[in-house]
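Novice: The lines below spell out each chain.
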Amino acid sequence: MGTTTAKRIDIASEEVAGLAPRQTPLDRIQRQLHAHPALGPLIVLVTTCIVFGLLNPRFVAAQNISLMLQQVAVVAALGVAQTLIILTAGIDLSIGYAMILALLVMAQAAANNEVAGLIALLLGLAVGVGSGVVNGTLVTRLRVPPFIATLGTLFVFQSAGLLYAKGQTTQATEMPHLLNWTGDPVTIGPLNLINGVLVALGLYLVVHYILTQTQWGRHVYAVGDDVEAARLAGIRTNRVLFSVYVFAGLIVGVAAWISIGYAGAADPNNAVDANLQSITAVVIGGTSLFGGRGGVIGTLFGALIVVAFTSGLTLANVNNLYQPIAQGVLVIAAVAIDQWIRRVKR
Amino acid sequence: MKTFGHVVGLAGVDLVLDHGEVLGIIGDNGAGKSTLIKCLTGALEPDSGEILLEGDRVWFTSPIDSRRAGIETVYQTLALAPALDVASNMFLGREVRTHGPLGLLLRKLDKRGMRRSARAELDKLGITTLQDITQRLETLSGGQRQAVAVARAATFGTKVIILDEPTASLGVRESQQVLDLIRRLRRQGTPVILISHNMPHMFEVADRIHIQRLGRCAGVVSPATTTMEEAVAIMTGAKQLQDRRG
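Protein sequence lines correspond, in order, to chains G and L.
Per my numbering: the first sequence = residues 7 to 352.
Per my numbering: the second sequence = residues 442 to 687.
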């Protein structure tokens, strides 16, 4: 499909300009990456796996792949929510702490207040949705830039979590089984996973469908692409923006559930790194920080790239302190490449 | 009548548009062209006055209202999403869902149907410069983008199509294509309001030209009986018309 599209573009532009555009192989690569934002991350992921696999065959063993998939589940789930927000040219700095607040409410409601598991789960999801309502209101009603709005709520959610939990950890054994169901082992072929991994993958399938096949999804792209154009085309842009934050909040609630299962506990320190890692995954996954370009599949690859680097460097006996450096380089490289791709020649 | 605080934007303007005609609107900067159009499309609410659409009194409080009534506007900025393809842009904000359970339950878009309709509409308007409707807007030239915006207006603009400076950013050849497009719209019977600073273009396609000056209508002239110099003279106030109805 890709090549025929590119060819047609060439024919059309030749007709209009009346001269044949000279295209170097690099131009062609740039155009392909521009048309398929998930392609770049996929190439990087495959290359990473091959290189680390050659360095240490244990990297590609079923056991290590299972481990990586378990490690990626929480960040991957948050990445879905973060992708939605970044597609609208926003950013959510509070996402990880909203998740921690949600998982603390979930766990403590069930453990200390002895609410039924299902109700505790729904309460946690409601906290996630609530965080989205707060951020969405700040961005659409008070017109606070997303960066500042969510920087503020980051501190609010963080403190609220600590105050609510009083610094206590709730172990999985103290909770109804439903809350910990995401940590139950499940075997698929040679892979030993947990239910949480499947829930996260489910999120990707659902949100990918919504973004690519529904009117709402198309409006999310249109609003992120050019908000004024979308408004003039008759899209209620504020309503779309608000709904993106609320939907992202719901996904944050699901991520909280996955986090309890993965950690086997609910602790104010669950996955504190996941906050910024969700942004890292989205950016490495080829979604543009300027909005309107990208998608969740790229984010899945982005999250896997980060985990693959961490695991691969560990297996290659590289000092752990180098891992953040690798992540930093990856993020900056991804944004620099995005800038280059966006300058595609017409 | 439309005032902004103490500033009078429009002070009593009558505008009549007949079926199948191209009405040009010219005027100096600040003469009230944009205010007039904004009142017609619901972007602004006039303080007094009335709008009759096929004899029925209408009142628009937002651009969405006027669109619903069949009035489509092609803005100077075009209001297209660069990262979406031609078909998606033509149906932006008015996407069509698939029939049956997929559309009802999963709210699935009828992409194939929308592409087919987009293709049909472009063919009907004789737009040959858009070969591939799955091309993203940002890969198109200025003229091609303008064609997409006009085609979108023509698809949904059943009553009136308003074009705001459609040739302002185009080259000679592309401008001619847009003017051809306007003629084709007229042949289809759709009335068009054309706002432009470009006198030669205006005199080429307009049936009547409404000249706006200082918030009022300084006259309505016919390109057949009036020269460009006279029109400019009226526009700048150097000459005044006895019979403003033209």
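Each hint should be verified, as a subset may be incorrect.
[Stated by the list, open to error] Only part of the chain G face toward chain L is listed, based on derived beta-carbon distances under 7 Å:
{"id": "1", "residue": "Gly158"}
{"id": "2", "residue": "Thr220"}
{"id": "3", "residue": "Ala228"}
{"id": "4", "residue": "Asp232"}
{"id": "5", "residue": "Arg245"}
{"id": "6", "residue": "Leu295"}
Worth flagging that the hints you see were computed from the coordinates, not collected in a lab.
These numbers were taken from a predicted model, which means no experiment stands behind them.
From the three backbone atoms N, C-alpha and C, an ideal C-beta is built for every residue, glycine too.
Novice: Evaluate each hint against the coordinates.
Specialist: Hints and how they fare:
With its C-beta approaching chain L no nearer than about 30 Å, G:Gly158 sits outside the 7 Å limit, and its interface hint is violated. Hint on G:Thr220 holds. Least Cβ distance to chain L is approximately 5 Å, under the 7 Å limit. With a least beta-carbon distance of about 4 Å to chain L, the hint placing G:Ala228 at the interface is held under the 7 Å criterion. Proximity of G:Asp232 to chain L holds as hinted, the smallest CB-CB distance being about 6 Å (cut-off 7 Å).
The restraint placing G:Arg245 at the interface with chain L is violated, with a minimum CB-CB distance near 12 Å, outside the 7 Å limit. Because the closest C-beta pair between G:Leu295 and chain L is about 14 Å apart, greater than 7 Å, the hint is violated.
Checked against the numbered hints above, the structure violates hints 1, 5, 6; every other hint is satisfied.
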